[in-house]
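J.: The primary structure of each chain is shown beneath.
There are 2 protein chains.
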Amino acid sequence: MSVELALEELLDSRVADVFTKDELREKLARSERERRPLRVKLGVDPTAPDIHLGHAVVLRKMRAFQDLGHTGVLIIGDYTAMVGDPSGKNKTRPQLSYDEIEQNAATYKEQVFKILDPERTEIVLNGEWFRKLAFADVLRLASRFTVARLLERDDFEKRLAKQQPISLHEVMYPVMQAYDSVMVRADVELGATEQTFNILMGRQLQEQMGQERQIGLLVPILTGICGTVRMSKSIGNYIGIAESPQEMFGKTMSIPDRLLAEYLRLATDYRPDEVERLERALADGSANPRDVKFQMAKRIVAMYHGEESSELAASDFERVFKRKEAPREMPVIGLSSKDLKEGKIWIAKLLRLANAASSNSNALGLVRQGAVSIDGAPVDAGRPDVAVKSGMTLKVGKRRFFRIEITNDTSD
Amino acid sequence: MSVELALEELLDSRVADVFTKDELREKLARSERERRPLRVKLGVDPTAPDIHLGHAVVLRKMRAFQDLGHTGVLIIGDYTAMVGDPSGKNKTRPQLSYDEIEQNAATYKEQVFKILDPERTEIVLNGEWFRKLAFADVLRLASRFTVARLLERDDFEKRLAKQQPISLHEVMYPVMQAYDSVMVRADVELGATEQTFNILMGRQLQEQMGQERQIGLLVPILTGICGTVRMSKSIGNYIGIAESPQEMFGKTMSIPDRLLAEYLRLATDYRPDEVERLERALADGSANPRDVKFQMAKRIVAMYHGEESSELAASDFERVFKRKEAPREMPVIGLSSKDLKEGKIWIAKLLRLANAASSNSNALGLVRQGAVSIDGAPVDAGRPDVAVKSGMTLKVGKRRFFRIEITNDTSD
Numbered sequence: 010m011s012v013e014l015a016l017e018e019l020l021d022s023r024v025a026d027v028f029t030k031d032e033l034r035e036k037l038a039r040s041e042r043e044r045r046p047l048r049v050k051l052g053v054d055p056t057a058p059d060i061h062l063g064h065a066v067v068l069r070k071m072r073a074f075q076d077l078g079h080t081g082v083l084i085i086g087d088y089t090a091m092v093g094d095p096s097g098k099n100k101t102r103p104q105l106s107y108d109e110i111e112q113n114a115a116t117y118k119e120q121v122f123k124i125l126d127p128e129r130t131e132i133v134l135n136g137e138w139f140r141k142l143a144f145a146d147v148l149r150l151a152s153r154f155t156v157a158r159l160l161e162r163d164d165f166e167k168r169l170a171k172q173q174p175i176s177l178h179e180v181m182y183p184v185m186q187a188y189d190s191v192m193v194r195a196d197v198e199l200g201a202t203e204q205t206f207n208i209l210m211g212r213q214l215q216e217q218m219g220q221e222r223q224i225g226l227l228v229p230i231l232t233g234i235c236g237t238v239r240m241s242k243s244i245g246n247y248i249g250i251a252e253s254p255q256e257m258f259g260k261t262m263s264i265p266d267r268l269l270a271e272y273l274r275l276a277t278d279y280r281p282d283e284v285e286r287l288e289r290a291l292a293d294g295s296a297n298p299r300d301v302k303f304q305m306a307k308r309i310v311a312m313y314h315g316e317e318s319s320e321l322a323a324s325d326f327e328r329v330f331k332r333k334e335a336p337r338e339m340p341v342i343g344l345s346s347k348d349l350k351e352g353k354i355w356i357a358k359l360l361r362l363a364n365a366a367s368s369n370s371n372a373l374g375l376v377r378q379g380a381v382s383i384d385g386a387p388v389d390a391g392r393p394d395v396a397v398k399s400g401m402t403l404k405v406g407k408r409r410f411f412r413i414e415i416t417n418d419t420s421d
Numbered sequence: 010m011s012v013e014l015a016l017e018e019l020l021d022s023r024v025a026d027v028f029t030k031d032e033l034r035e036k037l038a039r040s041e042r043e044r045r046p047l048r049v050k051l052g053v054d055p056t057a058p059d060i061h062l063g064h065a066v067v068l069r070k071m072r073a074f075q076d077l078g079h080t081g082v083l084i085i086g087d088y089t090a091m092v093g094d095p096s097g098k099n100k101t102r103p104q105l106s107y108d109e110i111e112q113n114a115a116t117y118k119e120q121v122f123k124i125l126d127p128e129r130t131e132i133v134l135n136g137e138w139f140r141k142l143a144f145a146d147v148l149r150l151a152s153r154f155t156v157a158r159l160l161e162r163d164d165f166e167k168r169l170a171k172q173q174p175i176s177l178h179e180v181m182y183p184v185m186q187a188y189d190s191v192m193v194r195a196d197v198e199l200g201a202t203e204q205t206f207n208i209l210m211g212r213q214l215q216e217q218m219g220q221e222r223q224i225g226l227l228v229p230i231l232t233g234i235c236g237t238v239r240m241s242k243s244i245g246n247y248i249g250i251a252e253s254p255q256e257m258f259g260k261t262m263s264i265p266d267r268l269l270a271e272y273l274r275l276a277t278d279y280r281p282d283e284v285e286r287l288e289r290a291l292a293d294g295s296a297n298p299r300d301v302k303f304q305m306a307k308r309i310v311a312m313y314h315g316e317e318s319s320e321l322a323a324s325d326f327e328r329v330f331k332r333k334e335a336p337r338e339m340p341v342i343g344l345s346s347k348d349l350k351e352g353k354i355w356i357a358k359l360l361r362l363a364n365a366a367s368s369n370s371n372a373l374g375l376v377r378q379g380a381v382s383i384d385g386a387p388v389d390a391g392r393p394d395v396a397v398k399s400g401m402t403l404k405v406g407k408r409r410f411f412r413i414e415i416t417n418d419t420s421d
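As you go down the protein sequences, you meet chains U and Z in turn. Just so you know, we're using my numbering here: the first sequence kicks off at 10 and counts up by one. Just so you know, we're using my numbering here: the second sequence kicks off at 10 and counts up by one.
Isolated chain U (complex conformation) (with noise of 0.2 Å):
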């Protein structure tokens, strides 16, 4: 592909930012002309293994390097994620024990690969080369940095103007992934549009130590299912990859109408020109927005599990919200006849073997709320003992259906 092409498929509308075009441009045909792939850097962290659409934007934007045969570096902040945030003060850096950076770290591989090239990925922790610093070293790496510089971050600069404290530790943080991007000698370093001042950091930093600078890549911000807030796993606003389809196309539906631009811009892998032919019919009225939802829903879906399992959720999600009926397929709690007393089971019991709920003061929540039914039934909380049959249906809020199946235990 000529460089031009690369550049044009690179740089599309997912893009927020690059800096700078030209000098991806001179890297892009430099790769050609040596046929050394270049090294596209993005930094994750192993605290939210869970990866959702808000991330996929970048991954995918990695894929497309790779798919232009370049390399995508994973760094896994498994060091950063050890210290935590000592301070206590920023609970989206918990400090994690070694053993769930590694299952994090596994989880996020697993997740990773739906969408990037394992044959074209590396993944390594930071915890390498940090681990391996001396204070001096620490020192050393610091002085390359001047305060004045590192406060100009943009949550830095507010928190100073509102007096609110900032540890010398955090100023640490971009210092960090600055030099993550010196270890791995990245060509490209990719992030969302917050991530701006790191990546420039990253490329002083590589310059003063004699390497060529990095481009920063950026990407949008995805707004979350609420449509009001940045799509965030703690906040619960989020399409995970790793949902189930039903799950996944269900959320999908359920997004406001205006933010189906945004995502069929950055949550679909529509072309340009279809992402645009569909803007301009939901704009002049020919497509209705639920159409376009349902068409982009199915898209989602087929993306992360296939087309056939974009079919099959497609049309469970007509029965359930349609027709009101229960889906063809649905998970199976399987009881034994020594679950029952008299025919009958707590309905909080029935609630956490199906995983339904986190626990049985929850379970009653969602009783009380009417969120329970039994084959259509809802569940009286003043009467918490149910009866329950083979072949039954338990259903929970909106969306999650449970085929009950009762087996008699005759052991012991």
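For the record, the hints were derived by calculation from the structure and aren't laboratory data. Any given hint could turn out to be false.
Some residues of chain Z that are not near chain U, with every Cβ distance over 12 Å (derived) [said to hold, decoys possible]:
{"no.": "1", "residue": "Glu41"}
{"no.": "2", "residue": "Val156"}
{"no.": "3", "residue": "Pro336"}
A few chain Z residues facing chain U, derived, Cβ under 8 Å [as the list claims (entries may be wrong)]:
{"no.": "4", "residue": "Phe144"}
{"no.": "5", "residue": "Leu148"}
{"no.": "6", "residue": "Ala157"}
{"no.": "7", "residue": "Pro174"}
{"no.": "8", "residue": "Ile415"}
These figures come from a predicted structure and were not determined experimentally. For glycine and all other residues, C-beta sits at the position ideal for the given N, C-alpha and C.
Chain U is already provided as a structure; the job is to place chain Z on it using the hints.
T.: Using the frame of chain U, we list chain Z on its own:
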């Protein structure tokens, strides 16, 4: 000694500030009760091992604690010296090799026991603890300080105001000094007034880490013999405690009269009432400044070299300056007949053999200034080869005298 008497002894007119007197009283009382000596910390920098009267102010305060039974803890900042100023901007913080540090530390120890009581002194190198810190430990330590607080330090504030850069590693230095206090469990930290901020940081960190906070005890900064700026080795306006009695005496006599009161108070071991008496006598004209200075010079020399050397230095000074004679004892320049050509020697060679010039051009410069004479006759720069005989006196500058001795070399 009662606590109140000890307090009076320690908080004399050689103290600029203490935080706080009440806390010090409490610590002294408990120390007496529990028969546990206080740990009195002083951090020293191995980049400038020559101790001068400016350093002596604080060291003599440490000695005062020792005379009351407490322990002096000298922390040699070897780790910091090894790192130096990686940005290279701070010339007073050169990067030293391990050997240089060792050598400087040895020189320092040798000199410091002219003032301190070796039986009650611990000497530690801070590399002992800093070498063991991992990056994660540094981050945890840094998390205990806010950037805003660290930037309140006087010199940082001034540089910020002037938009001069402050490197990130520089704000780590007060953190390191504070950590030193924790590691040696300091009860008191001594320093010149410029150390106020750093010592306060130590108090704060000790409290945060579960220790009782140290007392800060600050001494004034001694003006150099030039009479304008602080005494400093790099400026050359100092009196070193390892200098010869003659040199010390002469330099003391050279200070401007207006420094007399300051030197009486800070540079001598006169009791406060004696200082006051002399100050009064100077003020009401009943004493002549030159006589007071002469007496003070004798006292200062006696403090570091003993009474006898002091008397000798005083009478030498009188001979040289009052009667323009050479002193009775002079260093000898030993020449062999092979050094001479027809009884003559190049004046530059002679000055270099005497260690009175650092180079030939330096030597010839002195000659051109008329600063060099032999047996009272100035050497003519146009006739640099001078005739010399055993017993002749070489004079360089105002105060340096050498006796020439020639031996007939018959070897080879």
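J.: None of the hints should be skipped; say for each whether it holds.
T.: Hints versus structure:
no.	hint	in the structure
1	Glu41	holds, 38 Å
2	Val156	violated, 5 Å
3	Pro336	holds, 49 Å
4	Phe144	holds, 5 Å
5	Leu148	holds, 4 Å
6	Ala157	holds, 7 Å
7	Pro174	holds, 4 Å
8	Ile415	violated, 54 Å
The structure is inconsistent with the numbered hints 2, 8, although it conforms to all the rest.
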